[in-house]
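In case you want the letters, here they are:
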Amino acid sequence: MESQLGLNAGGLVFLIAAWGFILAVTLFCFKRVLSTHNRNKA
Amino acid sequence: MSDLQDGREAWASRLGLILAMAGNAIGLGNFLRFPVQAAQNGGGAFMIPYFVALLLLGIPLMWVEWSIGRRGGQLGYGTAAGAFGALMKSRSSAKFANYLGALGISIPIAFAIYYNYIESWTLAYSVFSVTGKYFGILDRNQMVDFLQSFQGLKITEYFAGMGTAFVFFFITLALNVWILSQSVAQGIERLAKIAMPTLFIFALILVVRVITLGTPNPDLPENSVYNGFGFLWNPDFSQITNAKPWLAAAGQIFFTLSIGTGSILTYASYMKRKEDLALTGLTTSITNEFAEVICGGSIAIPVAVAFFGAAETTAIAQGGAFNLGFAAMPIIFQKLPLGQMFGAMWFVLLFFAGITSSVALCSPAMSFLQDQMKMSRKQAALVVGAVLLVCGLPVVLFLGHGFLDEMDFWAGTFGLVVFAMIEVILFAWIFGMKRGWAEIHEGADIQIPRIFKFIIQYITPVYLIGLLFAWGVQDGIPILLMKGKPEADIPYLWGARLMMLGLTVVSVWLIARAYKRGTIRDEVVSDLRG
Numbered sequence: 001m002e003s004q005l006g007l008n009a010g011g012l013v014f015l016i017a018a019w020g021f022i023l024a025v026t027l028f029c030f031k032r033v034l035s036t037h038n039r040n041k042a
Numbered sequence: 001m002s003d004l005q006d007g008r009e010a011w012a013s014r015l016g017l018i019l020a021m022a023g024n025a026i027g028l029g030n031f032l033r034f035p036v037q038a039a040q041n042g043g044g045a046f047m048i049p050y051f052v053a054l055l056l057l058g059i060p061l062m063w064v065e066w067s068i069g070r071r072g073g074q075l076g077y078g079t080a081a082g083a084f085g086a087l088m089k090s091r092s093s094a095k096f097a098n099y100l101g102a103l104g105i106s107i108p109i110a111f112a113i114y115y116n117y118i119e120s121w122t123l124a125y126s127v128f129s130v131t132g133k134y135f136g137i138l139d140r141n142q143m144v145d146f147l148q149s150f151q152g153l154k155i156t157e158y159f160a161g162m163g164t165a166f167v168f169f170f171i172t173l174a175l176n177v178w179i180l181s182q183s184v185a186q187g188i189e190r191l192a193k194i195a196m197p198t199l200f201i202f203a204l205i206l207v208v209r210v211i212t213l214g215t216p217n218p219d220l221p222e223n224s225v226y227n228g229f230g231f232l233w234n235p236d237f238s239q240i241t242n243a244k245p246w247l248a249a250a251g252q253i254f255f256t257l258s259i260g261t262g263s264i265l266t267y268a269s270y271m272k273r274k275e276d277l278a279l280t281g282l283t284t285s286i287t288n289e290f291a292e293v294i295c296g297g298s299i300a301i302p303v304a305v306a307f308f309g310a311a312e313t314t315a316i317a318q319g320g321a322f323n324l325g326f327a328a329m330p331i332i333f334q335k336l337p338l339g340q341m342f343g344a345m346w347f348v349l350l351f352f353a354g355i356t357s358s359v360a361l362c363s364p365a366m367s368f369l370q371d372q373m374k375m376s377r378k379q380a381a382l383v384v385g386a387v388l389l390v391c392g393l394p395v396v397l398f399l400g401h402g403f404l405d406e407m408d409f410w411a412g413t414f415g416l417v418v419f420a421m422i423e424v425i426l427f428a429w430i431f432g433m434k435r436g437w438a439e440i441h442e443g444a445d446i447q448i449p450r451i452f453k454f455i456i457q458y459i460t461p462v463y464l465i466g467l468l469f470a471w472g473v474q475d476g477i478p479i480l481l482m483k484g485k486p487e488a489d490i491p492y493l494w495g496a497r498l499m500m501l502g503l504t505v506v507s508v509w510l511i512a513r514a515y516k517r518g519t520i521r522d523e524v525v526s527d528l529r530g
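Protein sequences, first through last, are from chains A and B.
Residue 24 in the numbering used here sits at position 24 of the first sequence, and the numbers go up by one each step.
Residue 371 in the numbering used here sits at position 371 of the second sequence, and the numbers go up by one each step.
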């Protein structure tokens with residue numbers, strides 16, 4: 001663990017990739033859940 | 001959706017189902033276990049084995065368990081005892097599979113027995129935060145003394161005995177039994193609708209508080225949140241070339257998604273036949289990942305580095321997740337303005353994460369007692385409560401002798417992988433992947449990429465076998481032979497094993513009784529169509 005270096009480029013890449021992947025899939029899922037919910041209601 | 005479905009209860013809404021399933025998955029592991037595992041196993045590089053395990057094990061097994069559960073529910077089965085048989089092609093193999101399903105009752109209840117006690121600590125610490133009971137203790141060793149004397153492991157000026165621990169244990173137990181005694185919609189679903197939004201609001205407030213901390217002590221510029229994120233995320237690629245982080249990542253995925261506990265199967269059994277599980281299953285998995293990686297990864301470790309520095313945080317992490325959650329965090333809260341409020345938020349968050357999971361762990365036993373033994377929900381809740389109490393007492397009393405750790409390995413780690421392996425083999429190889437793929441897509445709102453058909457059939461089972469083999473060699477054999485355990489602890493460890501064996505024997509006996517009553521039948525694939 002290279003903790004004394006602060007958040008280095010590699011760490012930043014992993015953080016952004018992991019957060020980005022999770023946020024993108026979360027948005028996709030909830031958007032689809034809501035759209036199918038509204039479609040079923042209609 | 002109606003409240004009752006062919007005599008069985010059903011979820012009142014899709015949102016309720018998603019929140020309940022997310023509550024099942026989101027537990028103490030998201031906020032305590034994940035950051036410790038990541039920090040110890042390569043930092044950012046740990047995310048490689050972690051996401052590989054999520055895609056090859058976690059999400060495929062999630063779909064498999066949901067499918068088995070929804071299918072079993074149509075036949076009136078809420079546990080693997082009944083649901084497994086319905087995957088088989090002959091009646092004799094269905095009987096064998098149904099008896100194997102005893103593990104789907106005994107493993108989660110064994111898990112719930114000790115989890116309930118840990119959950120009671122979070123409730124106690126929520127109260128201690130509000131009352132300021134641990135305020136004034138600023139030394140980490142003294143805070144460990146506080147925790148250990150609360151647990152009855154030593155006597156200090158903080159607690160004279162185990163009275164307080166027992167009070168919170170009983171309150172937690174009573175809350176669990178009360179929620180279980182309500183209908184699915186009024187109990188589990190209502191709990192999830194309150195607990196999950198509260199948990200996310202508290203988690204996001206704490207994340208913002210941590211991120212805006214900067215460098216709390218200007219005299220120690222290296223102790224900063226920025227370095228805390230570096231501590232957790234800077235990749236150490238040398239670590240992922242050995243097996244340890246891969247095993248740790250797979251274990252974390254199992255633990256965090258509650259796969260192999262049988263509780264997902266029970267929750268899915270309350271779904272309608274044509275209700276989507278492909279999108280809903282993925283949504284609950286990713287909600288869990290949001291709680292774990294984004295929220296869990298941004299609170300405990302970064303704040304610990306900001307206040308204690310990297311070297312001491314390493315020591316804290318090596319001391320385990322409880323050391324971080326119950327000894328380090330209470331000191332940090334005292335150094336923050338409004339520390340009592342943030343402390344209470346942290347422990348209430350953990351309590352909500354815990355109770356939504358413990359209720360889920362009890363639900364296979366609840367479902368079996370209701371559906372197969374024809375008990376009322378209240379009677380079933382009282383029986384489950386009695387089991388949690390009687391079997392929970394040795395966990396409370398013999399904590400210092402490794403009773404809880406022994407149960408955690410066999411039920412909460414090894415048992416989950418064994419049960420998941422049985423599930424995927426029955427589903428992909430006996431039921432058949434062609435039928436299984438159609439089952440997953442019944443009423444689906446999304447088309448799952450076809451690569452997952454191959455993954456479920458070949459990659460996931462091989463991954464699980466490899467995992468079991470590696471764990472067996474690395475941990476299983478030394479733990480089985482009790483290597484390095486103090487002589488005085490050995491009778492207690494045998495006691496824990498006998499208790500878990502006893503729970504499995506009782507489950508098998510109950511299945512035999514259900515056969516006699518005619519509430520389990522050897523139904524096979526051809527008995528349930530379209």
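Just to be clear, a hint being listed does not mean it is correct.
[What the hints assert, rightly or not] List time: in silico DSS-like cross-link candidates among lysine-lysine, alpha-carbon distance up to 30 Å: (1) A:31 with B:89; (2) B:434 with B:89; (3) B:193 with B:434; (4) B:193 with A:31; (5) B:516 with A:31; (6) B:95 with B:244; (7) B:378 with A:31; (8) B:89 with B:516; (9) B:378 with B:193.
If you are wondering where the hints come from, they were derived from the structure by calculation, not from laboratory data.
Keep in mind the model is a prediction, meaning the values are calculated, not measured.
Tested hints:
1. As the CA atoms of residue 31 of chain A and residue 89 of chain B are separated by approximately 39 Å, the hinted pair breaks the 30 Å bound.
2. Simply put, residue 434 of chain B and residue 89 of chain B have alpha-carbon atoms about 14 Å apart, close enough for the 30 Å limit, and the pair holds.
3. Note on residue 193 of chain B and residue 434 of chain B: the hinted pairing is violated, with a Cα-Cα distance of about 36 Å set against a maximum of 30 Å.
4. For the hint pairing residue 193 of chain B with residue 31 of chain A, the CA-to-CA distance comes to about 19 Å; that is within 30 Å, so the pair holds.
5. Pair hint residue 516 of chain B plus residue 31 of chain A does not hold up; C-alpha atoms about 48 Å apart against a cutoff of 30 Å.
6. Of the pairs offered as hints, the one joining residue 95 of chain B and residue 244 of chain B is violated, with about 39 Å between alpha carbons and a cut-off of 30 Å exceeded.
7. With a C-alpha separation of about 38 Å, the suggested pair residue 378 of chain B and residue 31 of chain A falls outside the 30 Å cut-off, and the hint is violated.
8. Our distance criterion of 30 Å between C-alpha atoms is met by residue 89 of chain B and residue 516 of chain B, whose separation comes to about 22 Å.
9. Of the supplied pair hints, the one linking residue 378 of chain B and residue 193 of chain B holds, its CA atoms being roughly 22 Å apart against a limit of 30 Å.
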